[in-house]
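Got chain A sorted already, so can you dock chain B onto it with the hints?
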Amino acid sequence: MNVLLALTFSGIALGAVYFLAASGLSLIYGLMDILNFAHGLFMTLGAYAAWDVASHLPVSWGAPLLFSTALVASILGGALAAGLTEVLIIRPLYGRPIGQILVTIGLDLAVVGLLLGGFGSNSLSVPVPLWLIEATHVGGLSLPNSDFVALVAGVVVLVSLELFLRKTRYGITIRAGVENRDMVSALGINVGRAFTLVFVIGGAMAGLAGLLYAVVFSGDLISPTQGDSLLIFAFIVVVIGGLGSIRGSAVAALIVGLVQDYTNFYLGSHPGMAEIGNLSVVLLLALVLEWRPRGLFGSTL
Amino acid sequence: MSPVVRRSALAVALVALFAFVPLIGLHLPWVLPSTVNVVNSTGTLEVLALCFIFAGVALGYDVIFGYTGLLSLGPVMYFATGVYVFDITLTHWNWPLLSALVATFAVSLVLAVVFGAIALRVSGIAFTMVTLAFAQAFYYLIEDNPHGLTGGDTGLALFSSRLPGFMSGAVSNTRNLYWIALGFLVVSYAVVWLVTESATGHVFVAIRENERRLEVLGIHPFRYKLAAYTLSSLVATGGGVAYILLIGTAVPSAVASVTVTLSILIMVVLGGAGTRWGAVTGAMLYVYLQQYLLKVAAEPSFATLPAVLRVPLSQPQFLLGAIFVLFVIFVPGGLAGVVTRRRLRTAARRFDLTSATPTTVPMEEL
Chain A
0 MNVLLALTFS GIALGAVYFL AASGLSLIYG LMDILNFAHG LFMTLGAYAA
50 WDVASHLPVS WGAPLLFSTA LVASILGGAL AAGLTEVLII RPLYGRPIGQ
100 ILVTIGLDLA VVGLLLGGFG SNSLSVPVPL WLIEATHVGG LSLPNSDFVA
150 LVAGVVVLVS LELFLRKTRY GITIRAGVEN RDMVSALGIN VGRAFTLVFV
200 IGGAMAGLAG LLYAVVFSGD LISPTQGDSL LIFAFIVVVI GGLGSIRGSA
250 VAALIVGLVQ DYTNFYLGSH PGMAEIGNLS VVLLLALVLE WRPRGLFGST
300 L
Chain B
0 MSPVVRRSAL AVALVALFAF VPLIGLHLPW VLPSTVNVVN STGTLEVLAL
50 CFIFAGVALG YDVIFGYTGL LSLGPVMYFA TGVYVFDITL THWNWPLLSA
100 LVATFAVSLV LAVVFGAIAL RVSGIAFTMV TLAFAQAFYY LIEDNPHGLT
150 GGDTGLALFS SRLPGFMSGA VSNTRNLYWI ALGFLVVSYA VVWLVTESAT
200 GHVFVAIREN ERRLEVLGIH PFRYKLAAYT LSSLVATGGG VAYILLIGTA
250 VPSAVASVTV TLSILIMVVL GGAGTRWGAV TGAMLYVYLQ QYLLKVAAEP
300 SFATLPAVLR VPLSQPQFLL GAIFVLFVIF VPGGLAGVVT RRRLRTAARR
350 FDLTSATPTT VPMEEL
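The listed protein sequences derive, respectively, from chains A and B. Terminal number for the first sequence in numbering that gives the first Met the number 0: 300, no gaps in between. Terminal number for the second sequence in numbering that gives the first Met the number 0: 365, no gaps in between.
Chain A on its own, in the form it takes in the complex (with noise of 0.2 Å):
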């Protein structure tokens, strides 16, 4: 019993971790029909950010403090690689769908390029406080204090991103054009500033996935080709939840994380079944798709 809840616990976690990953790609889904292919790479470059800043500030400034800042520059790292992406080689290709999958594409494969040219292919260690490695006992379990980090970080979100969609001009401006983009700008609003904020946004989100993907889930270790892979686990939580609904990502990467979690714990150590968690994911995205080809929450497609 107490495995099975400690399991729940971190397959949470790791749901969390996806939902700030998948978030941000579901928005610039819905708003602009593109598969942002490099939303790895800001997850990348957030993670990148948070050991830069981490590893050259002066160590009297004391691990807690440190670490907070590390967090700050993986948002911003993130935030600010999305909005230049957007402003520079997606703007340009408006109207041209699939050009802009391509460009995102190719962003990828040149800035983890040269990541694999600058930092070399081997990882790097994000320094962390001592706290977060250690672990919370809470009625006979001992929890990962990281989990705790990422779950907190991950209701945060969902929560100001809720409101920040139902409450403010912005958000409601966006959640019109996920809705109908030639009717809002039929409107006179500006879809454009609504395009950059979207990829700020989800820039952002994806940036502190990169961290906390280290931090809880590889041992606080980073590596350029890193958000890559975890992309796909975004894009899954995406299809699963319904592209362009934030509900559904936030309910299918909660899935995803506890099949994976589950099955990984129960199934992966048996020989030759180490990549089981994986691959039941991707046997899950299957079901949900020949049950609900829309996704969970999905409207329109």
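It is possible that part of the hints are untrue.
[Unchecked claim] Reference listing, derived: stretches of chain B covered by chain A, where coverage requires no fewer than 3 residues with Cβ under 8 Å from a Cβ of chain A:
id, segment
1, 124 to 131
2, 323 to 336
[Claimed, not checked] Covered, in the sense of this in silico footprint (three residues per stretch, anywhere, with C-beta under 8 Å from a C-beta of chain B), are these stretches of chain A:
id, segment
3, 27 to 34
4, 220 to 234
Source of the hints: derived by calculation from the structure; they are not laboratory data. Here a beta-carbon is modelled for each residue, glycine too, at the ideal position from N, C-alpha and C.
Just chain B now, kept in the frame of chain A:
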């Protein structure tokens, strides 16, 4: 001479020229991708053979992406099927060559029909994502090394007594493998040419242009989409077989990762999606540049450059990615687009628009 005759003559001449390359011991400095600057050196022949293999695979991919307009990210799955099923049946099970070949294509056919049918239940971006997810699952499966079959990360070398001597991976056999690769390209070209010029091929293009209209005409697009998907998958499998014969070792990161798919996509877009020669040219250029840039980066004088220049220039992945981004933004339609536009302009000047109509219609949107 009519354009068709002229073009066929050019194609035959090019194939003949390339077929003679292994016999030419010409010394060519600067342009060759290997450190030995001789045209028929092993290194150069291997790179050229790799160019042919990916040109064939890119042609097959052009059928689903360029002609039918479906952005599939699954081709690597069928390429890897070609590599691994052929390798496993020969190396582990010691099957005769012919049985191994038949088994490889049979497995690929079954996979393509099953996964194609599932993925084609959704359209647009969702289709792209599903094909990507399947290909990635396949990659995980290979990495997992089930029952020690694939060798996992360490890879699986092709080694079989059933392989005819002239095909084995010995260095002296490189020219034979070069001819096999060229043969694969010629066969793929012939198949893709026959299909895309047939009535079925015209339905493919119609799906790309307006699927709804086809349905109104009473044609079920699904069957045709699945046919295009399967054809391109089988061609990719052929490429995988030629690859494992040439390279001799199957490593997941080189033959099964998503990077391979993206490279194939880039090749087709660089050359011009929806045209046969565009896909071939794009792939040859891509592979050649990739190897050539590696050679340049390894030269001693390169190390003296300042880091700001040396680091980006030593990464073919960076350079090719950047070239690709610039191409998509500034050269829509790739190389084929440039040629088509120029041809149309010349023709318009002569008021002779009939001869200017390209036999194949490139994808306009790119």
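Exercise. What hint numbers does the structure not satisfy?
Worked result: When the structure is compared with the hints, none of them turns out to be violated.
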